[in-house]
Structures are given as C-alpha cells and as structure tokens.
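**Q** So the sequences go chain by chain: A and B. Going by this note's numbering, the first sequence opens with residue -16, and the numbers climb by one from there. Going by this note's numbering, the second sequence opens with residue 1291, and the numbers climb by one from there.
Honestly, the hints are just simulated from the structure, not real lab data. Worth double-checking, as some hints may not be accurate.
[Said to hold, decoys possible] A short, non-exhaustive set of chain A residues, derived as facing chain B with CB atoms under 10 Å:
id, residue
1, Thr35
2, Gly36
3, Asp39
4, Asn45
5, Phe48
6, Val51
7, Pro79
8, Thr86
9, Gln87
Computed from a predicted model, the values in this text were never measured in an experiment. Note that the Cβ used here is the ideal one computed from N, Cα and C, for glycine as well.
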Amino acid sequence: GAGVSQTPSNKVTEKGKYVELRCDPISGHTALYWYRQSLGQGPEFLIYFQGTGAADDSGLPNDRFFAVRPEGSVSTLKIQRTERGDSAVYLCASSPRSATTDTQYFGPGTRLTVL
Amino acid sequence: AQSVTQLGSHVSVSEGALVLLRCNYSSSVPPYLFWYVQYPNQGLQLLLKYTSAATLVKGINGFEAEFKKSETSFHLTKPSAHMSDAAEYFCAVHTGRRALTFGSGTRLQVQP
C-alpha cells in the first residue's frame, strides 16, 4: 500500500518568507508526527497529532512554527518569517494509533533551504 | 528525561565482517527501543523494535539487537555485512511520551 508522502520534496526560500510543508499519512493512521532533522543529527520531535488535535506540541521551537490537521488526515506544517537556522529536512511519520509500541512510518522528508 | 547515545558516528567494516553498532539509553522508566535505517534520499525504515517481550530481537535484513537492562544498551548486530547495508542507522527510545527520541546516528560504510 501507499506509504507516507510529503510534498514538496525540496523547498528553497528566502529569509523572512512563509512556507508550508504537506504530509499525507498512511490511510487509517490516527497518529501523525513531525520531526526535524538537521545535518549530521538524528530527527528531533516537533509536534504530534492524535486525530485532528495537536496532542503534544512541546517540540515546536518558537511561535513561528505551527501545524494543522483539520480533517484528521493530511497535515500541514507552517513556518512564518523563515530564518536560515530553519534549514533542515522535515520528516513526517504516522502510526496506526499512538501506543508506545506502535511503529512510526516515515515519509521521505522535505528538504527546506532558507537562503 | 530519556536520551540515546550512539557511540561512533562512522563505522567501516569489510564485506562479510561482523557489524556492531552501539546504542546506550537513559530512561527512568522501562523503555521501548527502536532501530531505524536511512538510505540516501529515502525515509527512515524500521529495522526492529524492543517492546519488553524477548530481549533478543530479530529484525529485517538479518539484523538483530539485544536489550541489556544492566548495561542500558541495545546494540545492533549483523553477522555478515553486505554492500547494501551501507546507510545511516538511528537508535531511538520511546518511554510513554508519544514521540521518539533519536540518537545522532551512525553511518555504516561497507568496504568490498
């Protein structure tokens, strides 16, 4: 079946611009996660959705970052007033529920470059 | 808070040699532990996971890992490396907070 998909695969923007990154989870998965992976590092948690609501947004670095999942499926990560330090690969993952033993299935990521 | 330490950011082995990638965790509660592999320009793929059943966990592609509570370790091994194993490997811990906490990764090179 189809896996997690993310669009765009690459995004280049200028400092100060607004960007949106999209995630399509595996059909039927209720839990959705966003992570950020900087060069040479492991992924770092940003936000977790259970259904439509953000159950844990403690990983968002500041209020320029926001994410939504209005219908409990597709999610969009929004970054306002981008900064060069936001450059990273943004990963999305989904899991059937949100049990701690559930496998998280990752998408290929969106590489964001802020010039 | 939970954390994961992966010793060795780069590991190089010869084809056919033993692969050993080290992972130590820190957790105040019983952890669930995962190994993921990341091939170039691809998403993270689960290799195996420990969820408090058997301490020796077998995964895909011939990999296995052993949970050792006394050593707070979850090292990944494979008896015989193949060229296709060249990738980046991440250990992660999950302790009830929904998100995974990842180590910084180990890049495995396989020499012919």
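**Q** Could you work out which earlier hints the structure fails to respect and list their numbers in ascending sequence?
**A** The structure breaks hints 1, 2, 4, 5, 6 and 7; every other hint is satisfied.
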